[in-house]
Amino acid sequence: MSAHPDTEIDFEIRPSQARVPAAERERILAAPGFGQNFTDHMITMRWSAGRGWHDGKLEPYGPFALDPATAVFHYAQELFEGLKAYRQQSGSVVMFRPQANAARFTAGARRMAMPEVPEETFLQALELLVAQDKDWIPDGEGNSLYLRPFMIATQRGLGVNHPSDSYLFCVIASPAARRKKPSSAARNSARLSISVSPRSGAIHPALNTDRTAARLSQSRVSES
Numbered sequence: 000m001s002a003h004p005d006t007e008i009d010f011e012i013r014p015s016q017a018r019v020p021a022a023e024r025e026r027i028l029a030a031p032g033f034g035q036n037f038t039d040h041m042i043t044m045r046w047s048a049g050r051g052w053h054d055g056k057l058e059p060y061g062p063f064a065l066d067p068a069t070a071v072f073h074y075a076q077e078l079f080e081g082l083k084a085y086r087q088q089s090g091s092v093v094m095f096r097p098q099a100n101a102a103r104f105t106a107g108a109r110r111m112a113m114p115e116v117p118e119e120t121f122l123q124a125l126e127l128l129v130a131q132d133k134d135w136i137p138d139g140e141g142n143s144l145y146l147r148p149f150m151i152a153t154q155r156g157l158g159v160n161h162p163s164d165s166y167l168f169c170v171i172a173s174p175a176a177r178r179k180k181p182s183s184a185a186r187n188s189a190r191l192s193i194s195v196s197p198r199s200g201a202i203h204p205a206l207n208t209d210r211t212a213a214r215l216s217q218s219r220v221s222e223s
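Residue numbers (numbering that gives the first Met the number 0): 0 to 223.
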């Protein structure tokens, strides 16, 4: 499902009025762990069949309100990526190969019968969030700000006869400590997982949803 070719997103900037106090943030950054603490803001953007991508925002981090019948809960039409931003010795902030993540996200969306996020919009969303929450990047070699872009199907209703007619794209961020080298047992387990499911490495859907994705893709083709 391609994005509207003329889509240009101007993200509304809505800074949080309830940021984590500096002292508490520094306490978290001293031992950030992984994936348990989140920055003050997030990026959101919505897609509908009639409007394409719209309503882009940088806004305070917070929960979503979703109906129990929302498609993502029942058919796992969800996609995510992961990448990191680092603070260099000079003080500048860089992201590691975000263009590769953008390309992979596009390929994953196509496979899952989801709307493609324009790569320039994907990169803009990352840059906005990192710039806004750069104080959350922990110091120390190998420490980083982990970025999690993801997209979920938000149509209310049951049935796999057609793809969702609405989606939510979001980017959240979490300070992350340097990754420790896994034990030999963990490495062996990882190798086993890869050998069992060799096709899952490049695309990150919520579940192994090849059958559902195939049905949605076939439906999308029949509609065109």
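Hints in this document: simulated from the structure, not taken from any laboratory. Values in this document were obtained by computation on a predicted structure and should not be read as measured data. Where a beta carbon is used, it is the ideal one built from N, C-alpha and C, also for glycine. You may find that some hints are simply not true.
Stated by the list, open to error - Label pairs and their computed distance ranges (CB to CB):
| hint | residue 1 | residue 2 | range |
| --- | --- | --- | --- |
| 1 | G49 | G90 | 41 to 51 Å |
| 2 | R178 | G156 | 33 to 43 Å |
| 3 | G158 | S91 | 47 to 57 Å |
| 4 | G34 | L122 | 41 to 51 Å |
Stated by the list, open to error - Lysine-lysine pairs mimicking DSS-like chemistry, simulated, CA-CA at most 30 Å apart:
| hint | residue 1 | residue 2 |
| --- | --- | --- |
| 5 | K133 | K83 |
| 6 | K56 | K133 |
| 7 | K83 | K56 |
Hints versus structure:
no. : hint                    : verdict
1   : G49 / G90: 41 to 51 Å   : holds (45 Å)
2   : R178 / G156: 33 to 43 Å : holds (40 Å)
3   : G158 / S91: 47 to 57 Å  : holds (49 Å)
4   : G34 / L122: 41 to 51 Å  : violated (23 Å)
5   : K133 / K83              : holds (12 Å)
6   : K56 / K133              : holds (18 Å)
7   : K83 / K56               : holds (21 Å)
Checked against the numbered hints above, the structure violates only hint 4.
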